[in-house]
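Protein chains: 4
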Amino acid sequence: METRRPTTPAAEEILGLYFPVLDHGFVALVDYMGSDEDVERAARVSYGYGTRRTSETRGLIRYLRRHRHTTPSEMVELKFHCCMPIFVARQWIRHRSANVNEVSGRYSLLPLLFYRPEADDFQAQSATNRQGRSGTSLTAIYADAIARWERVRELAGAHYEWLVSHDVARELARIDLPLSTYTQWYWKIDLHNLFHFLSVRTDAHAQYEIRAFARVMAGMLKRVAPLSFEAWVDYELEGVHLSRAELAALRRLLRVNGRDLEAVPGARLAEKDLAALGLSRREIDELLPKLAAAPSVEEFDLDLAAARVPDHFARAMEAAVPRVDRPK
Amino acid sequence: METRRPTTPAAEEILGLYFPVLDHGFVALVDYMGSDEDVERAARVSYGYGTRRTSETRGLIRYLRRHRHTTPSEMVELKFHCCMPIFVARQWIRHRSANVNEVSGRYSLLPLLFYRPEADDFQAQSATNRQGRSGTSLTAIYADAIARWERVRELAGAHYEWLVSHDVARELARIDLPLSTYTQWYWKIDLHNLFHFLSVRTDAHAQYEIRAFARVMAGMLKRVAPLSFEAWVDYELEGVHLSRAELAALRRLLRVNGRDLEAVPGARLAEKDLAALGLSRREIDELLPKLAAAPSVEEFDLDLAAARVPDHFARAMEAAVPRVDRPK
Amino acid sequence: METRRPTTPAAEEILGLYFPVLDHGFVALVDYMGSDEDVERAARVSYGYGTRRTSETRGLIRYLRRHRHTTPSEMVELKFHCCMPIFVARQWIRHRSANVNEVSGRYSLLPLLFYRPEADDFQAQSATNRQGRSGTSLTAIYADAIARWERVRELAGAHYEWLVSHDVARELARIDLPLSTYTQWYWKIDLHNLFHFLSVRTDAHAQYEIRAFARVMAGMLKRVAPLSFEAWVDYELEGVHLSRAELAALRRLLRVNGRDLEAVPGARLAEKDLAALGLSRREIDELLPKLAAAPSVEEFDLDLAAARVPDHFARAMEAAVPRVDRPK
Amino acid sequence: METRRPTTPAAEEILGLYFPVLDHGFVALVDYMGSDEDVERAARVSYGYGTRRTSETRGLIRYLRRHRHTTPSEMVELKFHCCMPIFVARQWIRHRSANVNEVSGRYSLLPLLFYRPEADDFQAQSATNRQGRSGTSLTAIYADAIARWERVRELAGAHYEWLVSHDVARELARIDLPLSTYTQWYWKIDLHNLFHFLSVRTDAHAQYEIRAFARVMAGMLKRVAPLSFEAWVDYELEGVHLSRAELAALRRLLRVNGRDLEAVPGARLAEKDLAALGLSRREIDELLPKLAAAPSVEEFDLDLAAARVPDHFARAMEAAVPRVDRPK
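Residue numbers (the numbering used here), protein chains in the order written: chain A, 1 to 328; chain B, 1 to 328; chain C, 1 to 328; chain D, 1 to 328.
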């Protein structure tokens with residue numbers, strides 16, 4: 001259709017394409033409002049005619065990001081259609097600065113689709129990160145665990161079907177479905193809050209399953225507002241925050257000389273020196289990797305070949321809904 | 001302890017008492033900031049010395065409520081500790097203007113406590129309200145349904161224990177626990193947003209289980225800010241909203257005569273007359289009960305005898321957590 | 001440009017047109033995301049293919065509005081460019097659920113444009129509504145008042161020019177500009193929160209000057225989402241809220257008889273009867289007009305002939321900025 | 001009064017004391033909910049009995065701050081009564097995650113009190129920071145500027161008095177008061193959002209006048225939640241954020257060796273090397289001061305001797321309200 005609104009070709013290209021995530025989930029970009037130019041336009045409160053060079057837009061966007069002037073990026077909005085396991089939805093919903101419409105299990109029958117982790121992702125509790133996974137797969141018990149899960153799901157699914165076929169209120173029938181059951185929603189958020197979501201949810205400390213969704217959404221955002229995305233990667237995602245004590249440590253090791261930065265000859269800080277600066281053992285554990293070799297940078301590019309039409313998922317969902325003959 | 005902050009004796013009396021809700025849940029008022037006087041003080045932006053008569057405070061609070069001047073009621077804040085089934089938590093969390101800290105199943109082992117509906121509350125899908133219960137119990141299949149539920153829970157609970165005893169990451173082990181599993185959180189909200197929560201969640205269209213929580217919280221609020229509570233009952237909870245067409249209907253039936261209101265002699269509106277005014281069939285279905293006999297008013301008074309000390313629930317929770325011997 | 005996003009022809013028609021408001025202000029619709037169909041799509045969490053009849057969309061939207069299911073309307077977003085006096089901006093900014101980028105008086109020189117009320121709008125303090133105008137113009141002193149205002153503005157403007165020409169920091173130079181000085185911003189909000197803004201700001205209790213802006217924005221919204229707009233008019237704007245006591249009064253005057261509504265023969269409530277039901281004198285004052293003859297309904301249609309191109313205002317602003325020769 | 005709520009002696013000591021800010025403004029801590037222990041309690045979702053050692057609470061709070069787990073700090077709330085010039089209020093109100101009740105110029109007569117900058121703070125536009133002050137006082141024109149300001153204020157004040165004495169609606173009479181006029185409000189915010197406010201508003205880029213308020217509020221917060229305050233200073237206020245390119249620069253100058261950090265012998269980065277890493281000239285300008293000598297740390301301690309009783313300000317305000325004999 002024709003529009004006088006700002007459009008972005010790279011975003012238009014993926015609009016309405018459904019990208020698979022995990023075994024039954026998906027993310028689709030349904031609509032977007034604005035792009036990098038609209039961030040600039042809001043920052044300048046300009047009248048929107050005339051043209052700016054891309055290099056000027058880039059400079060401004062990077063300046064805004066660096067100085068945490070975040071309100072102009074609130075002027076861009078993205079709307080997604082997403083399908084994810086309930087335990088993922090429960091983490092996701094904690095981001096309150098978004099608009100959500102979730103399918104209702106009180107009103108609709110739910111499809112009996114459940115998330116099953118891949119063998120590689122089936123891991124032990126991490127010993128260091130007290131809430132995540134260790135990084136190595138528990139291969140020996142994987143088959144056994146899956147078989148047990150399948151039994152829970154079969155029983156829970158059969159029970160759900162039995163209850164709704166006996167006309168039990170859906171709001172009650174659903175209460176013993178497992179947290180691995182898929183749900184879906186529309187989710188709309190502005191660029192500023194989406195960056196915060198992505199910073200938290202692409203992080204290595206986030207649960208693997210929600211990271212899978214966040215990575216696809218990052219790829220979508222990269223197409224909607226590429227300069228803002230680049231600035232976010234450079235200043236947030238791949239940047240680090242240093243505390244007062246960490247900064248004090250660095251000041252012992254390097255110095256400013258005119259417009260040059262130079263290493264202080266012979267300077268060295270052993271663990272006890274860091275401790276003397278106020279760093280706890282745990283903080284030292286966290287500081288060293290920050291300064292070690294740079295991690296490889298994730299590109300977040302979408303695999304267009306993986307995208308599906310909406311109908312693909314609509315039919316899979318429909319097929320998984322219990323068939324019910326209500327008692328007369 | 002001594003404080004110079006405003007206190008309310010009726011609220012102090014229940015502070016830290018844990019009120020049971022459903023079979024394993026609870027609500028406790030943990031802290032509160034301000035009372036009716038603080039709503040007035042904010043509305044007047046006054047210096048807080050001197051005293052006002054209660055009747056004046058009541059008049060102002062009712063005026064504010066009537067005219068939807070809601071910002072002064074944002075100056076009162078309540079903090080709760082709550083324990084509820086996950087499917088209730090999922091409805092509750094939709095109220096975004098609140099602060100939440102929920103127990104983490106990634107970090108902690110979860111107690112295996114599940115919600116079991118009482119026979120009276122085990123009902124068929126409503127034919128009229130498309131998302132709720134019919135109002136009559138499905139007695140015939142209750143025992144069977146409970147037995148089936150128990151099997152799901154036993155299996156899901158046993159599987160959870162098996163997984164964590166094999167050191168599977170907790171964030172994965174939990175994913176097949178049912179939505180009936182209890183969780184808990186701290187929840188903090190201001191008076192204005194709490195009123196909105198209570199309006200939505202004490203309503204007959206809300207799911208029975210969340211209404212049970214909302215009613216207890218209404219009783220707590222009644223003790224924190226009784227005049228604001230009374231105004232909410234009179235203007236919101238027991239008031240009604242009339243549309244333009246409904247109002248047009250009323251204007252055919254009654255008229256203003258000086259300072260009197262009087263019925264228009266012989267006036268009558270049949271269903272077709274209401275339809276001619278623009279009311280759909282469904283709207284007529286909704287209008288008539290609004291004007292029929294007044295419902296009895298719920299008092300929302302707390303039963304202090306039911307309250308428990310925190311330890312009561314803390315021990316029950318602790319006892320329901322799986323005992324785990326991690327493999328060496 | 002081509003887009004796969006949902007578009008609305010009536011909205012496209014006004015996109016980027018600047019509508020004058022008051023003597024120097026304006027409102028322009030800069031962008032929009034979604035329309036009525038997107039409210040329905042979110043409410044159904046549907047896949048967006050296939051088509052629905054408009055009558056079905058209308059029925060759903062009216063149902064949602066009537067039952068205050070407001071989250072689907074959060075899925076539509078509007079972005080405006082607005083220019084208004086600072087005292088209007090100060091009322092407007094109180095609506096916190098919006099995104100704002102205002103021109104900065106620390107960074108930019110401000111145009112010396114000031115709002116001057118028309119003779120008709122120059123009125124005495126209302127005796128009944130304790131914060132508004134009486135409704136009748138103070139003709140006798142209007143010319144005198146304007147002359148006095150002009151002197152304040154001339155002096156304040158001259159002083160601002162003097163300060164910035166002496167290189168005084170702009171953040172300081174501006175502090176004695178009057179509240180009537182025009183400012184401008186980009187303002188973005190979702191449909192749900194915009195309806196709330198319009199309910200409050202088109203109301204007769206709102207200050208005349210902000211109502212002038214709200215009325216134009218209502219006209220814009222009517223083009224973006226006409227069915228939602230109609231439902232808002234019917235249920236919110238032209239509806240009324242009745243308290244428990246007011247409802248009790250109505251129940252004395254009319255009754256439900258099967259599917260009919262009828263006036264109770266001979267029923268009459270004098271002021272003392274209303275008082276006995278709990279209505280204060282002030283509430284009676286407020287109730288009677290609600291039930292008297294229906295007010296004529298405002299249509300909120302935009303006058304397209306009044307619209308200007310952006311350049312019109314951009315040039316006027318530019319011309320009003322002080323010319324400054326900074327001291328070398 | 002007696003309370004079972006958590007109290008903090010250092011906060012109780014200043015409760016209700018009014019601290020002067022600028023020439024006529026003030027900040028008072030009116031109420032608070034919770035302290036450091038409540039942050040911990042929320043993070044652990046604990047039952048609140050038993051005791052933790054302060055060192056454990058400190059460790060947890062620092063961990064939460066370091067890892068940006070901010071929701072537990074939303075469980076502490078502070079309420080302030082503040083009086084500030086309108087141009088300061090306009091910056092302040094941009095922080096939307098707060099509750100506000102401002103005195104209404106539509107309802108009340110406003111006191112004619114205006115902010116007058118001290119000679120030291122009367123400075124030229126900064127050449128580097130494009131929106132702030134240069135740092136050096138414009139002594140030569142200060143007296144002249146003040147005299148001019150006084151004339152604007154006298155005229156604007158006299159005009160306001162004339163208008164209200166002729167019964168002009170207050171909402172109109174006020175529109176030519178200058179932005180330097182003092183207003184006041186109640187303002188309530190949670191700890192997490194207050195930290196954000198303080199980070200932005202104690203910063204050297206914030207306007208001097210709002211920094212004066214932020215510093216006093218920081219001193220109040222230090223008394224309400226000292227461990228959280230200390231963590232904020234160490235990790236936020238005195239910490240720095242490094243971008244990907246800045247981090248790359250550091251990695252050339254120092255290296256991790258086991259548990260030691262050491263300077264790379266002979267390493268040096270000239271401006272062109274920094275540019276080659278992707279740093280713009282402006283970024284280099286910003287990076288060097290971050291790594292130069294540590295700034296002295298501000299303590300934010302309150303001067304209790306400066307505090308006044310509420311009556312002190314109440315009387316000053318009252319005295320500055322125009323005396324009006326309304327025409328009969």
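Please note: incorrect hints may appear among the correct ones.
It does not matter which identical chain is used: a pair holds within one copy or between any two.
List of simulated lysine to aspartate or glutamate pairs, EDC-like, C-alpha gap at most 16 Å [said to hold, decoys possible]:
1) Lys-222 to Glu-37
2) Lys-222 to Glu-318
3) Lys-272 to Glu-262
4) Lys-290 to Asp-121
5) Lys-272 to Asp-260
6) Lys-222 to Asp-167
7) Lys-290 to Asp-311
8) Lys-272 to Glu-102
9) Lys-222 to Glu-299
In case anyone wonders, no lab produced these hints; they're calculated from the structure.
Verification of the supplied hints:
1. Lys-222 to Glu-37: Result: close within a single copy only, 14 Å intra versus 27 Å inter.
2. Lys-222 to Glu-318: Classified as neither; 32 Å inside a copy, 36 Å across copies.
3. Lys-272 to Glu-262: between (24 Å within a copy, 13 Å between copies)
4. Lys-290 to Asp-121: neither (25 Å within a copy, 41 Å between copies)
5. Lys-272 to Asp-260: This pair counts as between: shortest inter-copy Cα distance 9 Å, intra-copy 29 Å.
6. Lys-222 to Asp-167: Neither: 47 Å inside a chain and 38 Å across chains, both beyond 16 Å.
7. Lys-290 to Asp-311: Neither, since 45 Å and 43 Å both go past 16 Å.
8. Lys-272 to Glu-102: neither (52 Å within a copy, 37 Å between copies)
9. Lys-222 to Glu-299: within (9 Å within a copy, 42 Å between copies)
Violated hints for the displayed structure, listed by number in ascending order: 2, 4, 6, 7 and 8.
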